[in-house]
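Chemist: The residues making up each chain are set out below.
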Amino acid sequence: MYSEKVMEHFRNPRNMGEMPDADGIGTVGNPVCGDLMTIYIKVKDNKIADIKFKTFGCGAAIATSSMITELAKGKTIEEALKITRGDVAGSLGGLPSIKMHCSNLAADGLHAAIEDYLKKKEAEK
Amino acid sequence: MRRVYMDHTAGMPVDERVLEAMIPYFTQNYGNPSSIHSFGNEARSAIDEARNMVSELIGAEKKEEITFTSGGTESNNLAIKGVAYRNKEKGNHIITSSIEHMSVINTCKHLGKQGFKITYIPVDKYGIVDIENLRKEVTDKTILVSIMYANGEIGTIEPVKEIGEVAHSKGAFFHVDAVAAAGQIPIDVQHENIDLLSLSSNDMYGPRGIGALYRKTGTHILPTIHGGGQERGLRSGTENLSGIVGMGKAAEIANTEMKTEAERLSELRNAFIKRILDSIPESYLNGHPTKRLPNNVNFRFRYIEGESLILSLDMEGVACSSGSACTSKTLEPSHVLLAIGIAHEEAHGSLLFTLGKQNTKEDIKYVSGLLPNIVKRLRAISPLTPKELVT
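Protein chains in written order, with numbering that gives the first Met the number 0: chain A, 0 to 124; chain B, 0 to 390.
By construction, these hints were calculated from the structure, which means they are not laboratory data.
We treat Cβ as the ideally placed atom computed from N, Cα and C, and that holds for glycine.
Everything hinted at is true.
Facing chain A, a subset of chain B residues (Cβ under 7 Å, in silico):
hint, residue
1, Glu-306
2, His-347
3, Ser-381
Derived CB-CB ranges, DEER-like:
hint, chain 1, residue 1, chain 2, residue 2, range
4, A, Lys-4, B, Tyr-119, 40 to 48 Å
5, B, Leu-337, A, Asp-20, 36 to 44 Å
6, A, Gly-85, B, Leu-221, 50 to 58 Å
7, B, Gly-316, A, Asp-20, 36 to 44 Å
Derived DSS-like pairs (lysine-lysine); straight-line CA-CA distance at most 30 Å:
hint, chain 1, residue 1, chain 2, residue 2
8, B, Lys-62, B, Lys-80
9, B, Lys-360, B, Lys-258
10, B, Lys-89, B, Lys-215
11, B, Lys-169, B, Lys-290
12, B, Lys-80, B, Lys-116
13, B, Lys-375, A, Lys-72
14, A, Lys-120, A, Lys-46
15, B, Lys-375, B, Lys-364
16, A, Lys-51, B, Lys-386
17, A, Lys-118, B, Lys-386
18, B, Lys-89, B, Lys-140
19, B, Lys-108, B, Lys-135
20, B, Lys-386, A, Lys-72
21, B, Lys-61, B, Lys-169
22, B, Lys-375, A, Lys-4
23, B, Lys-108, B, Lys-290
24, B, Lys-61, B, Lys-89
25, B, Lys-80, B, Lys-160
26, B, Lys-112, B, Lys-135
27, B, Lys-386, A, Lys-41
28, B, Lys-160, B, Lys-215
29, B, Lys-169, B, Lys-108
30, B, Lys-169, B, Lys-140
31, A, Lys-119, B, Lys-386
32, B, Lys-375, A, Lys-41
33, B, Lys-87, B, Lys-61
34, A, Lys-51, B, Lys-375
35, A, Lys-120, A, Lys-72
36, B, Lys-386, A, Lys-43
37, A, Lys-118, A, Lys-81
All chains, full assembly: derive it from the sequences and hints.
Modeler: Pasting the structure below:
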């Protein structure tokens, strides 16, 4: 059902964990629906210096979370905001069509974390 | 890698003896039972014998009360639509439960759109049908009560005899979906007030694509498939000869071996349940602790999701199922788990093991050894897990 790449990320998720001193935190999804994802980012010189995730959900939810951390790490805020759900699925060698909508939340999670960071930065001014 | 199959509700292997019994009916005895020559006679007597075996498994009075179909889904359709269309002059009310198989629920929904009134009886937290509620709902307009013998997902066994009494008290027919129960536990249609009973061959180690409907003499139904009038007009279409022979053999084997096998499986089941509940915090058993199919083990683990559990076990060679939304076509968690009062987020974390003939004590040991670490790993990834559970 899943690509080898999805299974590889499910087996060995990258950057899994919490980040107590995160600059931005984004949580998307809903446990009632079966998927909940939190993305933590650390920003340095307008770049995503570090990124972590925690996810409740199916194989696709965990693999996309892991993949987004790889895609976003080292990118500028502007570049990271351009990462789409399609980019995540594509980098994983595709997702089953039924999963494209419900479990492909990682890009949304990243964008939510960046918005949180930008809001906090704005408030500091 | 060790491979352990514990997903027998999804599909069962065909018993070697069943396969052996079937083989001649592909290449040697291939006559049409409707033909009057010797080839036809041979096919007809093979079908008669199979009909006899199936009727003996469920304690039917006569073998003619068995109609072969294409499987459990067709049997449920035939029973429910058959009673509804034949008896609509008498009434338009059908009662079923909230935990039936989709082939019962969706057939009832279909009839609901055609003017029949459908009542879904709730169940308690173990999945047992509320008989008092049923008693209140049955009226003179009720033509059919359809309740399963046992639930294949949570394993709970229903008080069918009492339910049948309530149905009959108002003159309604009583249909029982026994797909999950037949071949696992004894069934006695006469003693248990059953008018119609659905069976599936594959659920008792027979081939797929074949099933049966028991219809007590005097239970009036209309066919759903029209054609050449086979199966006394109830199910047209040239008989699936090898399938019928296979189902008959499977029923014969079940009838002689069920008791010993049920005892063996119950022991494995109980050991499995105890090991997991003892070794994994915040793990629970879904379904009834004792009124339970011998092969059914259904857990739920808080803070994690079932598909992740299945994938993790699959990587270790273990096959099982889940009631999680992510493993369903509708993206809704199992209606059975919701009906027994389990919250959506917890229903997603359910894991269903259905044991079978090849499973051994060693299999239980193997899976019980793997599962705590898998749950731990997924809980470490989940943002819902309380700190004290992540170490």
